[in-house]
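Asker: Chains A and B supply the protein sequences, listed in that same order.
Heads up: the first sequence begins at 1 in full-length UniProt numbering, then just goes up one per residue.
Heads up: the second sequence begins at 1 in full-length UniProt numbering, then just goes up one per residue.
Check each hint, because a few of them may be wrong.
Pairs of lysine to any residue residues, derived as SDA-like cross-links and limited to a Cα-Cα distance of at most 25 Å, are as follows [as the list claims (entries may be wrong)]:
1. 321(B) <-> 93(A)
2. 321(B) <-> 359(B)
3. 58(B) <-> 234(B)
4. 321(B) <-> 362(B)
5. 118(B) <-> 213(A)
6. 321(B) <-> 341(B)
7. 321(B) <-> 215(B)
8. 321(B) <-> 115(A)
9. 58(B) <-> 319(B)
10. 58(B) <-> 247(B)
11. 118(B) <-> 216(A)
12. 118(B) <-> 6(A)
13. 321(B) <-> 139(B)
14. 321(B) <-> 216(A)
15. 321(B) <-> 40(B)
16. 118(B) <-> 258(A)
17. 321(B) <-> 111(A)
18. 58(B) <-> 139(B)
19. 58(B) <-> 339(B)
20. 321(B) <-> 108(A)
21. 58(B) <-> 232(B)
22. 118(B) <-> 281(B)
23. 321(B) <-> 201(B)
24. 321(B) <-> 335(B)
25. 321(B) <-> 213(A)
26. 118(B) <-> 211(B)
27. 321(B) <-> 105(A)
28. 321(B) <-> 361(B)
29. 321(B) <-> 116(A)
30. 58(B) <-> 256(B)
31. 58(B) <-> 330(B)
32. 321(B) <-> 113(A)
33. 321(B) <-> 223(B)
34. 58(B) <-> 201(B)
35. 321(B) <-> 174(A)
36. 321(B) <-> 112(A)
37. 58(B) <-> 241(B)
By construction, these hints were calculated from the structure, which means they are not laboratory data.
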Amino acid sequence: MEAIVNQLPIGLSIGAVLLLIALGLTFTFGQMGVINMAHGEFIMAGAYTAYLLQDWAGRQAVIVALPVAFGVAGLMGLVLERAAIRHFYGRPLDTLLLTWGVSLVLQQAARDLFGAPNVQVQAPSWLQGGIGILPYNRLFIMALAIGSVVAVWAYMSRTSQGRRMRAVMQNRQLAAVMGINTGRVDQRTFFIGSGLAGIAGVALTLIGPVGPALGTYYIVDAFLVVVAGGLGQLRGAVIAAVALGLLNSYAEFWTNASLAKVIVFVAIIAFLQVRPQGLFVLRSRALT
Amino acid sequence: MTATVRGERDTVGLAPPGPGRPWHARLLGPAAFTAIAVLALVVAPLALEPFRLGLLAKYLCYAIVALGIGLAWGQGGMLTLGQGVFFGLGGYAMGMYLKLHDAGGHLPDFMVWSGVEKLPPLWVPFGNPVFAIAFAVAGPVLLALLLGTLVFRQRVRGAYFAILTQALAAATVILLVGQQGLTGGTNGLTNFFDLFGQDLAADETQRGLYLVVAAVLGLLYLVARQLVRSRFGRLLVAIRDGEDRVRFLGYDPATVKTVTFAVSAGMAGLAGALFVPVVGIISPALLGVVPSLELVVAVAVGGRFSLAGAVLGAVVMGYAKTSFSEQFADGWLYLQGALFILVMTLAPKGLLGLAARARDLLPSRRRA
């Protein structure tokens, strides 16, 4: 019983990290149908932003880094979208291979710039300690995830930009006919989606070291969250991320780390038998 | 926009059957195949030194996997990012047999090091070479049939399928690394000495293995080509280009896709089984997310819409990787990354697509 309780904050914070990453994917994969394998490297870029900011922000680097990492990763995403991805709309599987090439280059670039060994980011002193079994750093990540979800929800459902974004997602041609500049919407979507990856990267510095391959550990799980939650569905992503985070940490605890991933995989396949398109589905008459 | 892409694809991968084309065009394919077969089976073993021949054998093993990817992805539109898993299943089956054979009734060396006292029951049947080789093919086929049935029946496809296969590859690696006493962990299975009474280190054995690999590749190529040209193959291409439309016509896309996926998995398994005696090792690093993706990219580089392109891509990329990492190890990642970006943006049909475009630019008799 005690073990179940002890494992809870770990599972929830893994879920929160997955949620932060999957939120970004909800934009790029869910809204635009782009499988961005370089998303993991945007996470890595966010984490290294926090590392670099330590030089002048000291131990508050993590806080300062949040907006900066959003901008840095967002700009990287914007450049990627403008330079390459926009030529690939309608060919999602090709973007996967293209962006994997980008991710290889970015990883090697990080290795050349920052060195192959992992680096540490010092957490602010007020994030050390905790209430009972809840460490402050994990609480902070959960709060960050909740804050991001609320911000994304508000943006998507309460602003005109968000409305345009949803319109383009539901029917690109029709949205264009209505006078929406779909190219500009795509840029914005990619900027925000990639920026969220940067924020996830900053959050990751609180629970582990930073290395060039940081993104690769989380990217597969984050894509699974989007698959299980339903394409472009905020609610689905939240539920799936928390469920996957908890399943991961409990499966690891009860069996061992090597079986946990297999259990998660089997669980996802089983889940897709019941809900092949994820938790929530956007109904559409479009044929594929 | 999608419509133009589809229109472009309509002709690819569907070479019109014999009649209707001039005789020299009809003979071109078989002639090229014979020439390459002679080159691979007669010239290469005589001309190449043993080390280079071994490398070529390794590329040809990858080419067998690539052939399967070309079938599943190029023809069937199923982007499978987990072929490494099937390759690994075949490889481990063969590796387990070789380990048991070398140990000659004792425990394999790595088990002794990890403190295993009794041979795990899972290992027992692999002492039999027939079982091991049969499993190398049947294991991947069954796994693919199971996965395909579960996934395709539910109409999970496209990017979802790609992500699921990638997750399978990631999970498999973690599983293999974790079960140290059963699988040799990160090191995998290595240090093999003897195959059916032949010394594996001998040049003669390696040359024989090369010939076997080349022959298997040639045979599987012919089988795959026949499959693509059959009614089944046309259905497969039709499903790639419009799955729902095929369903409306009364066909069952799930079965066609599952069978194709299983065939490609079987090819990967067989390639894995051949790879182990040729290269002398099978380890998690050879079958994870990255190697699986590398093979898909090799297929893209060669030209995914043609089986020959898939084979060509695997050999070219294998060769490029060896020669570039020999000279500058770190540069390879930059080069590989840049290559994908260039191929995907400029030549989505790969090297063969470029060749076809070059041929179209030349003045031809047909047009004259």
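Asker: Compare the distance between the alpha carbons of residue 118(B) and residue 211(B) with 25 Å, and conclude whether the hinted pair is satisfied.
Answerer: Roughly 37 Å between the alpha carbons, so the hint for residue 118(B) and residue 211(B) is violated.
Asker: Could you grab the alpha-carbon distance between residue 58(B) and residue 234(B) and see if it respects the 25 Å cut-off?
Answerer: violated, 32 Å
Asker: Please verify whether residue 58(B) and residue 139(B) have alpha carbons no more than 25 Å apart.
Answerer: holds, 22 Å
Asker: Decide if the proposed pair is consistent with the structure: residue 321(B) and residue 335(B), CA atoms, cutoff 25 Å inclusive.
Answerer: At roughly 9 Å apart (the allowed maximum being 25 Å), residue 335(B) and residue 321(B) satisfy the hint.
Asker: Would you mind confirming whether the straight-line C-alpha gap from residue 58(B) to residue 232(B) stays at or under 25 Å?
Answerer: violated, 31 Å
Asker: Can you confirm whether the C-alpha distance between residue 321(B) and residue 116(A) stays at or below 25 Å?
Answerer: holds, 21 Å
Asker: Take the C-alpha atoms of residue 321(B) and residue 108(A), compute the straight-line distance between them, and say whether it is at most 25 Å.
Answerer: holds, 16 Å
Asker: Check the hint pairing residue 321(B) with residue 111(A) against an upper bound of 25 Å on the C-alpha distance.
Answerer: The hint holds at about 20 Å.
Asker: Take the C-alpha atoms of residue 321(B) and residue 112(A), compute the straight-line distance between them, and say whether it is at most 25 Å.
Answerer: Roughly 20 Å separates the two Cα atoms, so the pair holds.
Asker: Verify the proposed pairing of residue 321(B) with residue 359(B), using a straight-line Cα cut of 25 Å.
Answerer: Given that 25 Å is the threshold and the Cα spacing comes to 28 Å, the pair is violated.
Asker: Given the hinted pair residue 118(B) and residue 6(A), is their Cα-Cα distance within 25 Å?
Answerer: violated, 37 Å
Asker: Is the Cα-Cα distance between residue 321(B) and residue 113(A) 25 Å or less?
Answerer: holds, 23 Å
Consistency with the previously given hints fails for numbers 2, 3, 4, 5, 10, 11, 12, 13, 21, 26, 28, 30, 33, 35 and 37, ordered from lowest to highest.
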